[in-house]
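Given only the sequences and the hints, what does the whole structure look like? Please build it.
Respectively, the protein sequence lines represent chains R and H. Terminal number for the first sequence in the working numbering: 211, no gaps in between. Terminal number for the second sequence in the working numbering: 211, no gaps in between.
Hints in this document: simulated from the structure, not taken from any laboratory. Watch out, some of these pointers could steer you wrong.
Since the list gives no way to pick out one identical chain from another, each pair is judged satisfied if it fits inside one copy or across any two copies.
[Unchecked claim] Dumping the calculated SDA-like pairs for lysine to any residue here, alpha-carbon to alpha-carbon at most 20 angstroms:
| id | residue 1 | residue 2 |
| --- | --- | --- |
| 1 | K21 | A10 |
| 2 | K149 | E13 |
| 3 | K199 | P174 |
| 4 | K149 | F92 |
| 5 | K21 | R39 |
| 6 | K199 | R91 |
| 7 | K149 | R91 |
| 8 | K199 | D177 |
| 9 | K199 | I1 |
| 10 | K149 | R9 |
| 11 | K199 | V178 |
| 12 | K149 | E161 |
| 13 | K199 | I179 |
| 14 | K199 | C44 |
Note that the coordinates shown come from a computational prediction; the quantities given were computed from them, not determined experimentally.
There are 2 protein chains.
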Amino acid sequence: MKENRISDNVIRRLPRYLRALTELEERGEEKVSSSELGRLLGLTASQIRQDLNCFGGFGLQGYGYNVPTLRVAISGILGMNRGYRAVLVGVGNIGRALIERFQFNDWGFTLQCAFDIDPAVVGTSQRGIPVLDSSALPEYLRENRVDAAVLAVPAQEAKEVAALLRRCGVEAIWNFTNVDVQPPGSDVIVENVHFSDSLLALSYFLTEKREGQKSAVEQNG
Amino acid sequence: MKENRISDNVIRRLPRYLRALTELEERGEEKVSSSELGRLLGLTASQIRQDLNCFGGFGLQGYGYNVPTLRVAISGILGMNRGYRAVLVGVGNIGRALIERFQFNDWGFTLQCAFDIDPAVVGTSQRGIPVLDSSALPEYLRENRVDAAVLAVPAQEAKEVAALLRRCGVEAIWNFTNVDVQPPGSDVIVENVHFSDSLLALSYFLTEKREGQKSAVEQNG
Chain R
-9 MKENRISDNV
1 IRRLPRYLRA
11 LTELEERGEE
21 KVSSSELGRL
31 LGLTASQIRQ
41 DLNCFGGFGL
51 QGYGYNVPTL
61 RVAISGILGM
71 NRGYRAVLVG
81 VGNIGRALIE
91 RFQFNDWGFT
101 LQCAFDIDPA
111 VVGTSQRGIP
121 VLDSSALPEY
131 LRENRVDAAV
141 LAVPAQEAKE
151 VAALLRRCGV
161 EAIWNFTNVD
171 VQPPGSDVIV
181 ENVHFSDSLL
191 ALSYFLTEKR
201 EGQKSAVEQN
211 G
Chain H
-9 MKENRISDNV
1 IRRLPRYLRA
11 LTELEERGEE
21 KVSSSELGRL
31 LGLTASQIRQ
41 DLNCFGGFGL
51 QGYGYNVPTL
61 RVAISGILGM
71 NRGYRAVLVG
81 VGNIGRALIE
91 RFQFNDWGFT
101 LQCAFDIDPA
111 VVGTSQRGIP
121 VLDSSALPEY
131 LRENRVDAAV
141 LAVPAQEAKE
151 VAALLRRCGV
161 EAIWNFTNVD
171 VQPPGSDVIV
181 ENVHFSDSLL
191 ALSYFLTEKR
201 EGQKSAVEQN
211 G
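Here is the structure:
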């Protein structure tokens, strides 16, 4: 298993493959060459072939890839056909935005319910998702299969709630708190949405564009 | 310039370097070796040295890196000392969450004001940030220096607002709409916060953990 491990970069490109293939399929394209797919993704043809070979290849020489077959294969590799069930903890602005606007179903997840401590939202329903009292969370997790929890509580509560989720057997946390909630050695899967990393990348590219990275280094090195 | 281009992977690791160095500095550490930094970041010592060499190195053999110097250098490379000014367009849930909870200042940005079309929020102020009417956006951009725009409007308005921002000379868009707003050939910097890519990565890792990627491929290939 260890030696077959796929690199993180390849895994993080898979959703982009999926988007490109979905678009091709919607346009009625039946097949795609690695160079065409590369153009869509800003990668070389050889990179595309290398990436897909990690999963056993899917292409036929001289033909390319069958679009629907490859899309279904990649969505399967991504686990989108596993019927994962999620709960959301923390119905603040971020939590509410996710409930109201994020299409969990499109990505293979069912959002079962949400939890909050605020009596103003507990007992309500947001876009059909019931909001339960956070005190009921441990019992809910005991009695229901939950594959992943969306963590959207305020930063100061992040570690405590994450620890509770782990104790209750939740294997994966989608973390919006900007706090590192994974203790060393824990095998819970934590996927962080670090807004600041993204803003800093933007800041870097803007700086590079304006000044050229070379002069930026001279200024700071 | 082209041949000196730093790889995207290195750039996207820089915010993680910054986090690790900030923590070390807060703990009062003066210096750090590449192997220690590697442990903190889950990278090898040689990877650390390679990454930092892209920017001209910063280490001294047998000493390692000076923590405050390296932190300041990396924050400079990331453009955090440029005093960038941003506006936010779309004060829905995501927009409001960013205004209320995201510390733009910590990352070198000043959020100047926000824009929305909803009369219920126009004229109010969120955490000290005034919300102006969207119709005033072009004039605002003409009369004020704005380096980046945070795009948090509903998906159906995303492309139109992005086009307006480009026409008004905004060079960088931090895009929360889950819509691809960069037309081919445009040199506007668009940094996407694609929630779905992150959820699919979580889904992949959960699937891999539960079933082993090998059997997942057999099932889907």
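Here's how the hints hold up against the structure:
no.	hint	verdict
1	K21 with A10	within (12 angstroms within a copy, 45 angstroms between copies)
2	K149 with E13	between (39 angstroms within a copy, 17 angstroms between copies)
3	K199 with P174	between (38 angstroms within a copy, 17 angstroms between copies)
4	K149 with F92	between (24 angstroms within a copy, 18 angstroms between copies)
5	K21 with R39	within (15 angstroms within a copy, 43 angstroms between copies)
6	K199 with R91	neither (33 angstroms within a copy, 29 angstroms between copies)
7	K149 with R91	between (26 angstroms within a copy, 17 angstroms between copies)
8	K199 with D177	between (40 angstroms within a copy, 9 angstroms between copies)
9	K199 with I1	between (29 angstroms within a copy, 14 angstroms between copies)
10	K149 with R9	between (33 angstroms within a copy, 18 angstroms between copies)
11	K199 with V178	between (39 angstroms within a copy, 10 angstroms between copies)
12	K149 with E161	within (15 angstroms within a copy, 37 angstroms between copies)
13	K199 with I179	between (36 angstroms within a copy, 9 angstroms between copies)
14	K199 with C44	between (34 angstroms within a copy, 17 angstroms between copies)
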